[in-house]
Amino acid sequence: MAQASAVTVASLRGVAKRFASGTRALGDLNLDVRQGEFLTLLGPSGCGKSTALRILAGLSEASDGVITWPDASARAAGAIGFVFQEPTLMPWANVFDNAYLPFRLAGTSRAQAAARVNAALDGVGLGDFADAYPRELSGGMKMRVSIARALATQPHLLLMDEPFAALDEISRFKLNNDLLALWQQRGTTVVFVTHSVFESVYLSNRIVVMTSRPGRVFAELTVDTPYPRSESFRTSAEYVAHCRRASQALVGAMAAGESA
Amino acid sequence: MSRAGTRAAPARADDQLRRERWLRVLSPIAALVLGVVAWDLVVRVNVLPPYVLPSPLLVLQTLFADWAILWRALLTTLAITFEGLILALAGGIGLAVLFNQSRAVEYSLYPYAVVLQVTPVVAIAPLLLIYLPQQVAVLACAWIVAFFPVLANTTLGLNSVDRNLLALFSLYGASRWRILVNLKLPAALPHMLGGLKIAGGLSLIGAVVAEIAAGSAGAGSGLAYRIVESGYRLNIPRMFAALILLSATGIAMFIALSALTHLLLRRWHESALVEEG
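If you read the sequences in order, they're chains V and Z. Our numbering puts the first residue of the first sequence at 1, with every later residue one more than the last. Our numbering puts the first residue of the second sequence at 1001, with every later residue one more than the last.
If you are wondering where the hints come from, they were derived from the structure by calculation, not from laboratory data. It cannot be assumed that every hint is accurate.
Stated by the list, open to error - Quick list of simulated restraints, FRET-style, between CB atoms: (1) Z:Ala-1252 with V:Arg-110: 34 to 44 Å; (2) Z:Ile-1251 with V:Asp-131: 32 to 42 Å; (3) Z:Ile-1251 with V:Ala-119: 23 to 33 Å; (4) V:Arg-186 with Z:Val-1115: 53 to 63 Å.
Don't be surprised by glycine CBs; every beta carbon is placed ideally from N, CA and C.
Given the sequences, and given the hints that come with them, work out the whole structure.
As C-alpha cells, this is what we get:
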C-alpha cells in the first residue's frame, strides 16, 4: 500500500515565475514532493498552482529558484504523467491510439506496447472501448482515457491539473474513488491541483494551501485518515473536521492574497 | 406514456424524415424542369433563331452531335484542372508546413502569396502566355488560383493545434517531425480538406480563364477554347453544350471532394456528425 515516505522526489526552492506580461504567478515557492504521497495543491484561482505543476513537469521554465530531482531518472520521458483539466485527447485517434501515444513517441511498437496500453485501459474500466473515438464517449470516460494514457507508462510522478473540475458530481466522486484505488495499487506519487476543499481532503494525505499574487505556500495540512477511503469517509465527522480546517486555511490564504 | 404512443412517435418521425429526403431530391429537379420548359417557351413563342438563343432540345442535340470534339476538349480541361489541383495541394500544404516550421520563411513569403491571390488571374494570364508554352501557362493559372485556399486553410489548421496536446507531446520528448506528423497534420486535416474543396472549383476556373486568355492562339483545345471558338463562329448551341459540360465538371468535382472529406472525417470530426434523434 502506498504511503508517504521520507524520500524526496523533487524539491522546489525559492521558485518564482514571472510572465512576459509582468504578472507574477509564483513568488518564492518552497515545496517538497515526497515519494508515494498524494499531495494536493489547494488554492483560489490565480494562485499559481497550475503554474507550479507545469514547472514540475518541465512544461514551463521557472524565472527564479531551483528545482532539484534527487533521482535523475524521475525526469526521463515517460517518468512523468500529466493530466490536464480537459481530457486533451486526439479526436482523430481511437481510445487505444490515444493511450498508446506515450509509447509511440518513445518509439515503442504497437505490438510491444499493446499489453500495457490494454492494462491501463482495463485499469480505468475502459477495456471494452479501445476502438471507440473520443467523440463517442462521455466527459467522464474521456477523462478516464486521459488518466489511462498518463498511467500507461507507469510514471514515477503523476501530475493532475484540476482534472475533474469540469465533470458532474457523480462522475467526479466515482473518478475520485477509482483514482485512489489506482494510486494505492501502483504507489505512484501524485501531485493534484484543485480548488475544491472537499476533493482535496478526500484524496490526499497532504494538502498544501497556496495564496495568490504571487503564489506561495500559505499553510500545510496533513490528512492522516488511513486508506482505503470510501464513500463512508465522505460523510464521517472526521472528514468534516478536516474540511473545516482546510476551509479555514483557504479563507486565510485568500485574505493574505488580497492584502498582499 | 402508453405503448402505442411510444411506437407511433418514431414511425411518424421516420415518415417525416423520408418526406424531407424526397423533398431535397425532387425540389431542385422540379426547379430545373420548370426552368428548361420556360426557356423552351421563350424560344418558341418569340420564334428566336438559334444564333440568338437555341432551344434546350437543340443544345442537347448539339451535345450529342459534337460529342467527339467536346469529349476531347473536356478531357483536356479535366487534365489541366486535376494537375492544377494536385500541384496546388502539394504547393499549398508544403508551403504551409514550411511557414509553420520557420517564422522567417513565413514572414518573407506570405505577403507574396497574398499578392498572387489578390491579383486577378485574368490579368496575369496574358503575361504568362508570353513567357510560358501554352499548356504550362494554363496549368500555372489553375495553380495560382487554387493553391491559396489550401495554403491559408492549412496554415490556420496547423496553428490551431490544442496547446495542451502540444505540451503533452513535448512532455514525452517528441521530435519536431513527430509533432508535425502525429499532431499538427492530423489536426489540420479538416481545414486542409475545406481548402481543397474550394481549390477544386478554383482550379477549374483558373484553367478556363487561362484558355480564354489564350483564345485563338490556343493549339491545345479545352472546353473554354471551344466556347471562344464557337462564339466566333456564332455556333451558339455548341457554346451552351460546352458550358453545360463545364458546369457538370464543377459539380462532379465538388461532389467527389465532399465525399472524400466525409470519408476521411466521418469517424471523428464534428462536421461529419449525423444528428440522431
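Results for each hint:
Roughly 39 Å separates the CB atoms of Ala-1252 of chain Z and Arg-110 of chain V, a value that falls within the hinted 34 to 44 Å. The hinted range of 32 to 42 Å is satisfied by Ile-1251 of chain Z and Asp-131 of chain V, whose Cβ atoms lie roughly 36 Å apart. At roughly 52 Å, the beta carbons of Ile-1251 of chain Z and Ala-119 of chain V sit outside the given window of 23 to 33 Å. The beta-carbon spacing between Arg-186 of chain V and Val-1115 of chain Z, approximately 59 Å, falls within the hinted interval of 53 to 63 Å.
Comparing the model with each numbered hint stated earlier shows that hint 3 is the single one that does not hold.
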